[in-house]
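Enquirer: Start from chain A and add chain B according to the hints.
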Amino acid sequence: MGKTILVVDDNPVLLTQMTWMLEAEGHKVATAKDGFSALNMLASLTPDVVFVDLIMPNIGGDNLCRLVRKMPHLRDCFLVVVSAAVVEQEFDYRGVGADACIAKGPFDLMKGQILEMIRESDPHRTPKSEREIRGIETVAARRITQELIFKSHHLEAVLESIPEGVVELLEGKLVYANSIAARLFHTEPDTLLGREFAALFPRRLQPRITSLLETMPGELSRLGEGKPLTLYDREVTFQCLSMEDVDTKLLIITDVTKYKTVERAMKEAMEYNENILHTMADSLVVLKPDLSISYVNRATCDMLDFSPHELFGKQIDQLFFEAVSFEEELFEPVIQNGIVTEPSLAYRSKAGKRIPVSFLASAMYNNQTPKRNLLGIICIAHDLRKVEQLQQQLYQAEKIASFGVLAAGVAHEIKNPLAIILQGLETLNSGLKSDSGRAMAPDIIARIQKAALRANKIVEGLVDFSRQSPPEFVEADLLDVLRESLTLVEHHLKSSRVSVEERAADVSHRLSMDVNQIKQVFINIMVNAAEAMTGGGKLTIETGNGRNPDGKRFVQVVFADNGPGIAPELLNKIFEPFFTTKTKSLNTGLGLSVSQGIVERHRGDLRFESESGKGTRVILTLPVE
Amino acid sequence: MIRKKKILIIDDEEDFSHFLKINLENTGRFKVFTAVDGQTGVKITQRKKPDVVLLDIMMPGMDGFEVLEKIKGNVKTYEIPVIMLTALDNEGYRAEARGSFAGEYLVKPMPLDKLISTIDRVSIYGQ
Numbered sequence: 000m001g002k003t004i005l006v007v008d009d010n011p012v013l014l015t016q017m018t019w020m021l022e023a024e025g026h027k028v029a030t031a032k033d034g035f036s037a038l039n040m041l042a043s044l045t046p047d048v049v050f051v052d053l054i055m056p057n058i059g060g061d062n063l064c065r066l067v068r069k070m071p072h073l074r075d076c077f078l079v080v081v082s083a084a085v086v087e088q089e090f091d092y093r094g095v096g097a098d099a100c101i102a103k104g105p106f107d108l109m110k111g112q113i114l115e116m117i118r119e120s121d122p123h124r125t126p127k128s129e130r131e132i133r134g135i136e137t138v139a140a141r142r143i144t145q146e147l148i149f150k151s152h153h154l155e156a157v158l159e160s161i162p163e164g165v166v167e168l169l170e171g172k173l174v175y176a177n178s179i180a181a182r183l184f185h186t187e188p189d190t191l192l193g194r195e196f197a198a199l200f201p202r203r204l205q206p207r208i209t210s211l212l213e214t215m216p217g218e219l220s221r222l223g224e225g226k227p228l229t230l231y232d233r234e235v236t237f238q239c240l241s242m243e244d245v246d247t248k249l250l251i252i253t254d255v256t257k258y259k260t261v262e263r264a265m266k267e268a269m270e271y272n273e274n275i276l277h278t279m280a281d282s283l284v285v286l287k288p289d290l291s292i293s294y295v296n297r298a299t300c301d302m303l304d305f306s307p308h309e310l311f312g313k314q315i316d317q318l319f320f321e322a323v324s325f326e327e328e329l330f331e332p333v334i335q336n337g338i339v340t341e342p343s344l345a346y347r348s349k350a351g352k353r354i355p356v357s358f359l360a361s362a363m364y365n366n367q368t369p370k371r372n373l374l375g376i377i378c379i380a381h382d383l384r385k386v387e388q389l390q391q392q393l394y395q396a397e398k399i400a401s402f403g404v405l406a407a408g409v410a411h412e413i414k415n416p417l418a419i420i421l422q423g424l425e426t427l428n429s430g431l432k433s434d435s436g437r438a439m440a441p442d443i444i445a446r447i448q449k450a451a452l453r454a455n456k457i458v459e460g461l462v463d464f465s466r467q468s469p470p471e472f473v474e475a476d477l478l479d480v481l482r483e484s485l486t487l488v489e490h491h492l493k494s495s496r497v498s499v500e501e502r503a504a505d506v507s508h509r510l511s512m513d514v515n516q517i518k519q520v521f522i523n524i525m526v527n528a529a530e531a532m533t534g535g536g537k538l539t540i541e542t543g544n545g546r547n548p549d550g551k552r553f554v555q556v557v558f559a560d561n562g563p564g565i566a567p568e569l570l571n572k573i574f575e576p577f578f579t580t581k582t583k584s585l586n587t588g589l590g591l592s593v594s595q596g597i598v599e600r601h602r603g604d605l606r607f608e609s610e611s612g613k614g615t616r617v618i619l620t621l622p623v624e
Numbered sequence: 000m001i002r003k004k005k006i007l008i009i010d011d012e013e014d015f016s017h018f019l020k021i022n023l024e025n026t027g028r029f030k031v032f033t034a035v036d037g038q039t040g041v042k043i044t045q046r047k048k049p050d051v052v053l054l055d056i057m058m059p060g061m062d063g064f065e066v067l068e069k070i071k072g073n074v075k076t077y078e079i080p081v082i083m084l085t086a087l088d089n090e091g092y093r094a095e096a097r098g099s100f101a102g103e104y105l106v107k108p109m110p111l112d113k114l115i116s117t118i119d120r121v122s123i124y125g126q
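Residue numbers (numbering that gives the first Met the number 0), protein chains in the order written: chain A, 0 to 624; chain B, 0 to 126.
Okay, chain A solo, but in the shape it has when bound (with noise of 0.2 Å):
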């Protein structure tokens, strides 16, 4: 009784004429040109027997025994191998579930165990236990095959040690499969040979495998770099590679689960951080190297109005409102210190508003020993509009203040020309009685109009003094700003009978500041110093002009009294907010700390010095920029 035979085999002459062999011994036969179309086949056949070349394409013979062994419908098939290659190479065929086994050689040898393999694949035999490789002794080892058997055994041991799964499909089929690649899905290599590969995955990355697989012959396509597709527990990129001339495509599984941990987690400490900088109240701004603005936080943006892609690669010095070279004042005792700070410092917005700041910077280095590269400078900006607001506001309310003590006196002066526009208006009255009376008039009216412009100008002097000005730098002269001064507090000075003698040095005085505070600063000294000499005395005020050790100039006001000093345990004491050794109702305890506040602004120095009995010099200095 004829049988169901499978050849398969990748030599076409081989299986050419095992047919006719077989046919002729009245078998029906069916042939596979490789392990891949067998496995197809095998899925609506059942043969008796099946002959197997050990090597071939897609899917090797001892691939095909295994995967035959584990299909039921097969359990009973005769399994013969039949190779060339175990000449040259020991090979455990029942290892592979085959039953027997031939070594390949010239079809004449063959045949005969062939036909003797036929009849004993018996479904009721009992196996033998030793069963030799038939014919071994008749064919010959070639040196060729070893080196290939070696070279495909070499490959095989790579593909199993690298990190990547690696795939090689036929038809959109398994043909190969390393052990990575079968552990993300969960299974062994043998089990995935022949399957649909697009079958293995959830039903909603089936039409994205699919499409993957559509890769042209000699390209090379990707899915799932931006975002991985989720494997069972895993996360995986893929790569395809569509052979050319063969109908092959190599898929290479790479699993990025760790990587993408790891960028989650990098991801999360950069927003952390991110969000650190971006919630800060203050100004960052990050520059590199050479002063060029890297990054910029949210603050500065809201601050100065500007988009951080718009500040980034400027120069730091294009933020500062006042012409400041950050490479020329700046750079150097940052390089040297590590931090700098500049207590007043002015931001320009983009629409070119002044917003003063605090200013720190510090360098920034990598932490490589012994050699530290610079990697840039962190500048930290401290908005200070609502503390300057403060500061105007305790400005206003120390001249306030002052305006009271200065009010009192400008009154009284104000009646000295009002007694002469009445005795004058009284003299004019009685003149125009008589000829030589109204011959007088000119002269009694143009008096009468000094006087009345003398008690404006009083009257101006001190609504300009108490008026509420914003903070604005101007260039004025500091001898005009202190005889200003002067004739505020003139008749406070006069009525305690303190007499002033004023020394001004033949030179301009001329510098920016702000008039009417330093108005203050000259109004609140000279107020002490009255008070400070009981009963009178005499303030003499000396201006001058000079140059640094580092040669820049300033200017120097003293205003010095003989009054009775102030006690070495009280001068260090002065400055502070709140002191005061006056009684009187009209006295904040602020002059003097809001005075050096001015002086500091305009980055000058208040100073004072003083002996008991000896009198008080009071040293202003200002620069001159």
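Calculated from the structure, these hints are not laboratory results.
Check each hint, because a few of them may be wrong.
No more than 27 Å apart at the CA atoms, straight line, and that leaves these computed lysine-lysine pairs for DSS-like [claimed, not checked]:
| hint | chain 1 | residue 1 | chain 2 | residue 2 |
| --- | --- | --- | --- | --- |
| 1 | B | Lys71 | B | Lys3 |
| 2 | A | Lys69 | A | Lys172 |
| 3 | B | Lys20 | A | Lys432 |
| 4 | B | Lys47 | A | Lys432 |
| 5 | B | Lys4 | B | Lys42 |
| 6 | B | Lys20 | B | Lys75 |
| 7 | B | Lys5 | B | Lys47 |
| 8 | A | Lys414 | B | Lys20 |
| 9 | B | Lys4 | A | Lys432 |
| 10 | A | Lys349 | A | Lys385 |
| 11 | A | Lys27 | A | Lys110 |
| 12 | A | Lys537 | B | Lys71 |
| 13 | A | Lys27 | A | Lys2 |
| 14 | A | Lys432 | B | Lys113 |
| 15 | B | Lys69 | A | Lys537 |
| 16 | B | Lys47 | A | Lys449 |
| 17 | B | Lys3 | B | Lys75 |
| 18 | A | Lys449 | B | Lys113 |
| 19 | A | Lys432 | B | Lys3 |
| 20 | B | Lys30 | A | Lys414 |
| 21 | B | Lys42 | B | Lys3 |
| 22 | B | Lys3 | B | Lys20 |
Please read all numbers here as calculations on a predicted model, not as lab measurements.
Expert: Positioned in the frame of chain A, the structure of chain B alone reads:
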């Protein structure tokens, strides 16, 4: 004919003295001298022996109180009535003026008739 009273105004406000001198002399009852500072004022007081001195307080150099001290401290002039005539309206100064034997304390600006009646009053006491 009644003798004109001699009045000395010591004040650094020249325009004030100028007008006051005319106004007082226009009444026909006074002969007025003026001094623009304390020192000159003391000298004229001694030389002219005025019937009344009108004395400002705040003046450069010697102030009104120093002048008052000189007038009241001199045996030849201590009896001359002095009217303080000042823009300062201050209780401390009023007290100091009283303590230094000033006859009156008038605050500028004041109506002419009030000044004249004050001059009349103190010059009666003084005589």
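Enquirer: Decide, hint by hint, whether the structure agrees.
Expert: Tested hints:
1. B:Lys71 x B:Lys3: holds (23 Å)
2. A:Lys69 x A:Lys172: holds (18 Å)
3. B:Lys20 x A:Lys432: holds (18 Å)
4. B:Lys47 x A:Lys432: The hint is violated at about 31 Å.
5. B:Lys4 x B:Lys42: Given that 27 Å is the threshold and the Cα spacing comes to 19 Å, the pair holds.
6. B:Lys20 x B:Lys75: holds (25 Å)
7. B:Lys5 x B:Lys47: The given pair, whose Cα atoms are some 8 Å apart, holds under the 27 Å limit.
8. A:Lys414 x B:Lys20: holds (19 Å)
9. B:Lys4 x A:Lys432: holds (24 Å)
10. A:Lys349 x A:Lys385: Holds. A:Lys349 to A:Lys385 sits at ~19 Å (cutoff 27 Å).
11. A:Lys27 x A:Lys110: holds (17 Å)
12. A:Lys537 x B:Lys71: holds (26 Å)
13. A:Lys27 x A:Lys2: holds (6 Å)
14. A:Lys432 x B:Lys113: At roughly 22 Å apart (the allowed maximum being 27 Å), B:Lys113 and A:Lys432 satisfy the hint.
15. B:Lys69 x A:Lys537: Roughly 22 Å separates the two Cα atoms, so the pair holds.
16. B:Lys47 x A:Lys449: Violated, because 32 Å separates the two Cα atoms, which is more than 27 Å.
17. B:Lys3 x B:Lys75: holds (21 Å)
18. A:Lys449 x B:Lys113: Since the Cα atoms of A:Lys449 and B:Lys113 sit roughly 25 Å apart, the hinted pair holds (cutoff 27 Å).
19. A:Lys432 x B:Lys3: It holds: about 22 Å lies between the C-alpha atoms, which stays within 27 Å.
20. B:Lys30 x A:Lys414: Distance ~26 Å between B:Lys30 and A:Lys414 Cα, so the pair holds.
21. B:Lys42 x B:Lys3: Holds: B:Lys42 and B:Lys3 sit about 21 Å apart, inside 27 Å.
22. B:Lys3 x B:Lys20: Cα-Cα ~13 Å, so holds.
Checked against the numbered hints given earlier, this structure breaks hints 4 and 16; the rest are met.
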